[in-house]
Amino acid sequence: MAKHDRHLKILEFFLKNIITFDDRENLAGDFEEMYERISCQKGKSRALLWYAFQIFKLIPSYFKNYTIWSLTMIKNYLKIAFRNIKKYKAYSFINISGLAIGMACCLLIVLHIQDELSYDAFHLNADRIFRVVTSTSGDGVPTNATGTFGTGPALKEDFPEVVDFARIRRMGQGTRIYIGHKDRQFYEERFFFADPGIFTVFTFPLIQGDAVKALSEPNSIVITEDMAEKYFGREDPMGQTLEADPYNSGEMMVFQVTGIAKNVPSHSHFHFDFLASYVNQKEDLTQFSGLYSHYTYALLQDASQAAGLESQLPDFIRRHFGEDSWYTNHLQPILKIRLYSRLRSEIEATGNIASITIFSLVAIIVLAIACINYINLSTAFSLKRAKEVGLRKVVGARRKQLIEQFLGESLLVSLLSGLLAFFLAGLLLPLFNAIADKEVTLHFLTGVIPLASLMGIVAVVGVVSGSYVAFVLSGLAPFQVLKGGSYSAGWKTKLRKGMVISQFFLATIMIIAALTAHKQMRFIQTHNTGYNRDEILVIPLNREARAGYAALRNELLMYPAIRNTATSSHVPTQGSQHESVAFEGRDQNLTPVLYFIDKEFVDTYGIQIIHGTDFTQTMSHPSNAEFLVSARTVTEAGYSSPEEALGKQVQWRSRSGEYSGTIIGVINDMNLYSFHRAAYPMIFLVTPIEQHDSLSVRLDSSQYSEALAAIQSVWKRLVPYYPMDYSFLDANFEAMHRADRRLNDIFQVFSLTAVVVACLGLFGLAVFAAEQKTKEIGIRKVLGASAFNIYFMLSRDFLKWVIIANIVAWPIAYYSMHKWLQDFVYRTRIGWEIFLLSAIIALIISIFTISFQSIKAARANPVDSLRYE
Amino acid sequence: MREKLKSLTRKEELIMLSILNLEKNAYLVAIADYLSQTTKKKVSLTSVHLPLNRLEKKGLIESEFGEATAVRGGRRKKIYTITKLGFEALEEHKRISDLLWKNHLKYSSSKD
Numbered sequence: 003m004a005k006h007d008r009h010l011k012i013l014e015f016f017l018k019n020i021i022t023f024d025d026r027e028n029l030a031g032d033f034e035e036m037y038e039r040i041s042c043q044k045g046k047s048r049a050l051l052w053y054a055f056q057i058f059k060l061i062p063s064y065f066k067n068y069t070i071w072s073l074t075m076i077k078n079y080l081k082i083a084f085r086n087i088k089k090y091k092a093y094s095f096i097n098i099s100g101l102a103i104g105m106a107c108c109l110l111i112v113l114h115i116q117d118e119l120s121y122d123a124f125h126l127n128a129d130r131i132f133r134v135v136t137s138t139s140g141d142g143v144p145t146n147a148t149g150t151f152g153t154g155p156a157l158k159e160d161f162p163e164v165v166d167f168a169r170i171r172r173m174g175q176g177t178r179i180y181i182g183h184k185d186r187q188f189y190e191e192r193f194f195f196a197d198p199g200i201f202t203v204f205t206f207p208l209i210q211g212d213a214v215k216a217l218s219e220p221n222s223i224v225i226t227e228d229m230a231e232k233y234f235g236r237e238d239p240m241g242q243t244l245e246a247d248p249y250n251s252g253e254m255m256v257f258q259v260t261g262i263a264k265n266v267p268s269h270s271h272f273h274f275d276f277l278a279s280y281v282n283q284k285e286d287l288t289q290f291s292g293l294y295s296h297y298t299y300a301l302l303q304d305a306s307q308a309a310g311l312e313s314q315l316p317d318f319i320r321r322h323f324g325e326d327s328w329y330t331n332h333l334q335p336i337l338k339i340r341l342y343s344r345l346r347s348e349i350e351a352t353g354n355i356a357s358i359t360i361f362s363l364v365a366i367i368v369l370a371i372a373c374i375n376y377i378n379l380s381t382a383f384s385l386k387r388a389k390e391v392g393l394r395k396v397v398g399a400r401r402k403q404l405i406e407q408f409l410g411e412s413l414l415v416s417l418l419s420g421l422l423a424f425f426l427a428g429l430l431l432p433l434f435n436a437i438a439d440k441e442v443t444l445h446f447l448t449g450v451i452p453l454a455s456l457m458g459i460v461a462v463v464g465v466v467s468g469s470y471v472a473f474v475l476s477g478l479a480p481f482q483v484l485k486g487g488s489y490s491a492g493w494k495t496k497l498r499k500g501m502v503i504s505q506f507f508l509a510t511i512m513i514i515a516a517l518t519a520h521k522q523m524r525f526i527q528t529h530n531t532g533y534n535r536d537e538i539l540v541i542p543l544n545r546e547a548r549a550g551y552a553a554l555r556n557e558l559l560m561y562p563a564i565r566n567t568a569t570s571s572h573v574p575t576q577g578s579q580h581e582s583v584a585f586e587g588r589d590q591n592l593t594p595v596l597y598f599i600d601k602e603f604v605d606t607y608g609i610q611i612i613h614g615t616d617f618t619q620t621m622s623h624p625s626n627a628e629f630l631v632s633a634r635t636v637t638e639a640g641y642s643s644p645e646e647a648l649g650k651q652v653q654w655r656s657r658s659g660e661y662s663g664t665i666i667g668v669i670n671d672m673n674l675y676s677f678h679r680a681a682y683p684m685i686f687l688v689t690p691i692e693q694h695d696s697l698s699v700r701l702d703s704s705q706y707s708e709a710l711a712a713i714q715s716v717w718k719r720l721v722p723y724y725p726m727d728y729s730f731l732d733a734n735f736e737a738m739h740r741a742d743r744r745l746n747d748i749f750q751v752f753s754l755t756a757v758v759v760a761c762l763g764l765f766g767l768a769v770f771a772a773e774q775k776t777k778e779i780g781i782r783k784v785l786g787a788s789a790f791n792i793y794f795m796l797s798r799d800f801l802k803w804v805i806i807a808n809i810v811a812w813p814i815a816y817y818s819m820h821k822w823l824q825d826f827v828y829r830t831r832i833g834w835e836i837f838l839l840s841a842i843i844a845l846i847i848s849i850f851t852i853s854f855q856s857i858k859a860a861r862a863n864p865v866d867s868l869r870y871e
Numbered sequence: 765m766r767e768k769l770k771s772l773t774r775k776e777e778l779i780m781l782s783i784l785n786l787e788k789n790a791y792l793v794a795i796a797d798y799l800s801q802t803t804k805k806k807v808s809l810t811s812v813h814l815p816l817n818r819l820e821k822k823g824l825i826e827s828e829f830g831e832a833t834a835v836r837g838g839r840r841k842k843i844y845t846i847t848k849l850g851f852e853a854l855e856e857h858k859r860i861s862d863l864l865w866k867n868h869l870k871y872s873s874s875k876d
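Here the protein sequences line up with chains F and W, keeping their order. Going by the working numbering, the first residue of the first sequence is number 3, and it counts up by one from there. Going by the working numbering, the first residue of the second sequence is number 765, and it counts up by one from there.
Simulated from the structure, these hints should not be mistaken for lab results. There could be a bad hint or two in this list.
[Said to hold, decoys possible] Simulated crosslink set (DSSO-like; lysine-lysine; CA at most 30 Å straight-line):
| id | chain 1 | residue 1 | chain 2 | residue 2 |
| --- | --- | --- | --- | --- |
| 1 | F | K402 | W | K821 |
| 2 | W | K806 | F | K18 |
| 3 | W | K821 | F | K44 |
| 4 | W | K870 | F | K18 |
| 5 | W | K848 | F | K59 |
| 6 | W | K842 | F | K395 |
| 7 | F | K59 | W | K822 |
| 8 | W | K822 | F | K18 |
| 9 | W | K804 | F | K395 |
| 10 | F | K11 | W | K842 |
| 11 | W | K804 | F | K44 |
| 12 | F | K46 | W | K842 |
| 13 | F | K395 | W | K822 |
| 14 | W | K806 | F | K46 |
| 15 | W | K822 | F | K66 |
| 16 | W | K821 | F | K77 |
| 17 | W | K805 | F | K18 |
| 18 | F | K18 | W | K842 |
| 19 | F | K66 | W | K821 |
| 20 | W | K870 | F | K59 |
| 21 | F | K59 | W | K858 |
| 22 | W | K804 | F | K66 |
| 23 | F | K650 | W | K806 |
| 24 | W | K775 | F | K18 |
| 25 | W | K806 | F | K66 |
| 26 | W | K806 | F | K11 |
| 27 | F | K44 | W | K806 |
[To be verified] Simulated restraints on C-beta separations:
| id | chain 1 | residue 1 | chain 2 | residue 2 | range |
| --- | --- | --- | --- | --- | --- |
| 28 | W | N867 | F | I70 | 17 to 25 Å |
| 29 | F | S47 | W | I860 | 54 to 62 Å |
| 30 | F | W52 | W | K788 | 21 to 29 Å |
| 31 | W | N817 | F | G428 | 39 to 47 Å |
| 32 | W | N817 | F | Q116 | 43 to 51 Å |
| 33 | F | K77 | W | R859 | 19 to 27 Å |
| 34 | F | S47 | W | N817 | 29 to 37 Å |
| 35 | W | K788 | F | M75 | 49 to 57 Å |
| 36 | W | S800 | F | M75 | 34 to 42 Å |
| 37 | F | S47 | W | R859 | 44 to 52 Å |
| 38 | W | N817 | F | A479 | 49 to 57 Å |
| 39 | W | R859 | F | R48 | 38 to 46 Å |
All values reported here derive from a predicted model rather than from experimental measurement. In this text, a Cβ means the ideal position worked out from N, Cα and C, and glycines have one as well.
Use the sequences and the hints to build the structure in full.
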């Protein structure tokens, strides 16, 4: 019984909505009476069926009615909308251009996010490929992207769920690898040793050669298309030979080209140019462990097995490592590498999910400011539309129709902006690519997701920005507006005030972010890293240069532009060797960075010896060496002062030999890497040049070009076989902060955009205010007000709002930028000057914007403004 | 003076006559019932509703809301009555019909 009644209620609801004529109520009654009768005669089910059928019969007429009337009204709405756009040109321009800028920002961010999310997705088995990463922290949180070479094969042997594996090892940490074919000799950055599995685990198609066999034989090398052209030109590279010096030892390895791979897509977390046979590595690879610079990838049968496999890894390591290991292994899905991996020794810099969040936030802020413009201006101008609304209501428009009309209008504006945004984004794309360091493209047909999201943005913006006016205006009582009196109440001005304040609140946050990021960038550039990085040129050494170094140094020092030269195993910014070192009086070993240097290194780099003396030996005796240690080493080793550290015994064993000796001096700390990391503890010792990979030349900064020319001519004479490769230390240092620089650029561009859009709105409001007060201004001028008085009257409110917005924005901006700075170990402080500067910038720009209109209004002849009565 | 009167269709005639006969209770369902009783055919609500609307627009009938009853879920009836114009139209209709029907008995009887 109750069930039927509920059904009846539902059907009745449909009936009422579908009936287009006015007498809904009595018809519903008639239908219900019939229904009761049928249900008495034939049962409730039959009656319900009848009722439903009646509704069904009404559907065609409903649609006919609906479309005819909607079309008529839509035509009218469109006409009115376009008329309004044309009539208020400045207002429409501000709305459409502001929204277009905001949408273009969003569109670019969508492209950016789409690009970031597509990393590594091109591999056919992408979801089943996992990278075996290492944790040395003891708490199971992965710390290093690399691992030992034995892991891959052992995994495949032990676990049936591991279908395949691939190991790669990048050669030349920071320095480049010499590669030559006849007279074409270059230094290359992307040289890898790789398992044959690289072509079966990953999807790197070969243009020539057999993917299965290409790397299975020793002395094979696969190169990319670009390299094929670079080294072989038009010749067929297959079967040709390349000589390479991957260990930078001077002993050439000769490889035969067995395959040509397509260039690695930009959306890959690593890019290779050369893949050499894995077995050609010089190290003994028969053990399980020993060298932790290999990247291991495992292809699983099914992605869901990863968790189960990972839980068995501790046992696996114990089994193969023999004893309790100092590390643990973990599986990392390769699809997560780009955005989520923040491990040490990544092959290439990864992206950052946080930067995506910041990007999106920033774009949404710009769009929000543009939407507020629309809402603000349309409420301001709604006075002019109120009469239209009143009249429409008098001739019978329903509230629903008015809401539809105004929403439709804002959707139209939004749609026009969307179209404009599409072209704007296309125009700005090169700039965006330059800032974000990407190769994103935008096409009408290929970009389905960007296009769809643009449509979504258009719809949301249209509804959000139009809804306010739609709901408020449609609710007006006709007599109120047709009477002609001012119906605009105080709440409207208040709302406008709140909106402007929130706009400038957002814009101020952006300005402060931009200023802080800028300050941090300047800090990075100027902060003392503990060594002189501005004047140093770094050249990779090779056998010839090592052999002739004494002559090379003598010749170079003859030029006045060259201050000093030094050789070392590593240089700041480019790789480092860590060893487990025992300090006298300490139970546990430290793992400081070891630098094998020559006697000139400390002087060349301008490193300060805080305590103790410089080296006395020209060459360390491995059993009785002299060590310089950094201040941080002293504190980490637990010595109370540099004085106490002097004379302490230090020793370690490593691949390069066994060393023991005493600390003879303490030097200042050095920032080898980016300012996101704290300075490492360091140990310096003098070793023979055979263990050194880099030549550092300190130049006179005022004679860069002379010095460079001198080095090149000397090099050509003394090291004829190898081309000279060089880089400037400060450029390398800059490159490490590229992501930070990018963020800084983004903040600057977007904060400017945000301020411009906010000012567009402010300008619109200023126009409106001046227009509304035309008479008041006229009367005031007649009564003797000066142009400045008028100007002040018109601008006062706006400036007050901007200042309030600034003050509100300060704590939030401070908090968020403070958090951003926490990511740097070496950071600047957010000083008061940043807040002051942001206020000044916001004020100057807004004064400029308002003045444009206010001065015009203030200077107008009162006769013109009063005449129109 | 009468040329402005619109002619009635058969359906309209039947409906208007039903309204007359139903007197104070002429609403949609009642009219449809009455018609189906007299014609012995099923008459759907829709087929009555549309002519009713048309007649009302022409001004031949008018409507007012009656009292609510429980059987209608508490909804009011729309009671139709014939207007003065409606009576005139009916009379005119009858006049023409009578005129045309005058001789039908003669022909039907001559056939016998």
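Right, here's what the structure says about each hint:
1. K402(F) - K821(W): Given that 30 Å is the threshold and the Cα spacing comes to 27 Å, the pair holds.
2. K806(W) - K18(F): Holds, at roughly 25 Å.
3. K821(W) - K44(F): This hinted pair is violated, its Cα atoms lying about 36 Å apart.
4. K870(W) - K18(F): Judged against 30 Å, a Cα distance of about 54 Å means the pair is violated.
5. K848(W) - K59(F): Answer violated: K848(W) to K59(F) is near 34 Å, above 30 Å.
6. K842(W) - K395(F): 28 Å, holds
7. K59(F) - K822(W): Distance ~25 Å between K59(F) and K822(W) Cα, so the pair holds.
8. K822(W) - K18(F): The given pair, whose Cα atoms are some 26 Å apart, holds under the 30 Å limit.
9. K804(W) - K395(F): 49 Å, violated
10. K11(F) - K842(W): Holds. K11(F) to K842(W) sits at ~21 Å (cutoff 30 Å).
11. K804(W) - K44(F): Between K804(W) and K44(F) the Cα gap is close to 19 Å, so the pair holds against 30 Å.
12. K46(F) - K842(W): 25 Å, holds
13. K395(F) - K822(W): The hint holds at about 27 Å.
14. K806(W) - K46(F): Given pair K806(W), K46(F) holds - Cα atoms ~20 Å apart, limit 30 Å.
15. K822(W) - K66(F): The given pair, whose Cα atoms are some 23 Å apart, holds under the 30 Å limit.
16. K821(W) - K77(F): 28 Å, holds
17. K805(W) - K18(F): Holds. K805(W) to K18(F) sits at ~28 Å (cutoff 30 Å).
18. K18(F) - K842(W): 16 Å, holds
19. K66(F) - K821(W): Given pair K66(F), K821(W) holds - Cα atoms ~20 Å apart, limit 30 Å.
20. K870(W) - K59(F): 46 Å, violated
21. K59(F) - K858(W): 35 Å, violated
22. K804(W) - K66(F): Since the Cα atoms of K804(W) and K66(F) sit roughly 34 Å apart, the hinted pair is violated (cutoff 30 Å).
23. K650(F) - K806(W): 116 Å, violated
24. K775(W) - K18(F): 27 Å, holds
25. K806(W) - K66(F): 27 Å, holds
26. K806(W) - K11(F): Holds, because 26 Å separates the two Cα atoms, which is no more than 30 Å.
27. K44(F) - K806(W): Cα-Cα ~16 Å, so holds.
28. N867(W) - I70(F): 17 to 25 Å: Violated - the Cβ-Cβ distance for N867(W) and I70(F), about 48 Å, lies outside 17 to 25 Å.
29. S47(F) - I860(W): 54 to 62 Å: 48 Å, violated
30. W52(F) - K788(W): 21 to 29 Å: 28 Å, holds
31. N817(W) - G428(F): 39 to 47 Å: 56 Å, violated
32. N817(W) - Q116(F): 43 to 51 Å: About 57 Å separates the Cβ atoms of N817(W) and Q116(F), which means 43 to 51 Å is violated.
33. K77(F) - R859(W): 19 to 27 Å: 48 Å, violated
34. S47(F) - N817(W): 29 to 37 Å: The hinted range 29 to 37 Å holds for S47(F) and N817(W), with Cβ atoms some 31 Å apart.
35. K788(W) - M75(F): 49 to 57 Å: 41 Å, violated
36. S800(W) - M75(F): 34 to 42 Å: Given about 40 Å between the Cβ atoms, the range holds.
37. S47(F) - R859(W): 44 to 52 Å: 50 Å, holds
38. N817(W) - A479(F): 49 to 57 Å: Violated: the Cβ-Cβ distance is about 32 Å, outside 49 to 57 Å.
39. R859(W) - R48(F): 38 to 46 Å: 45 Å, holds
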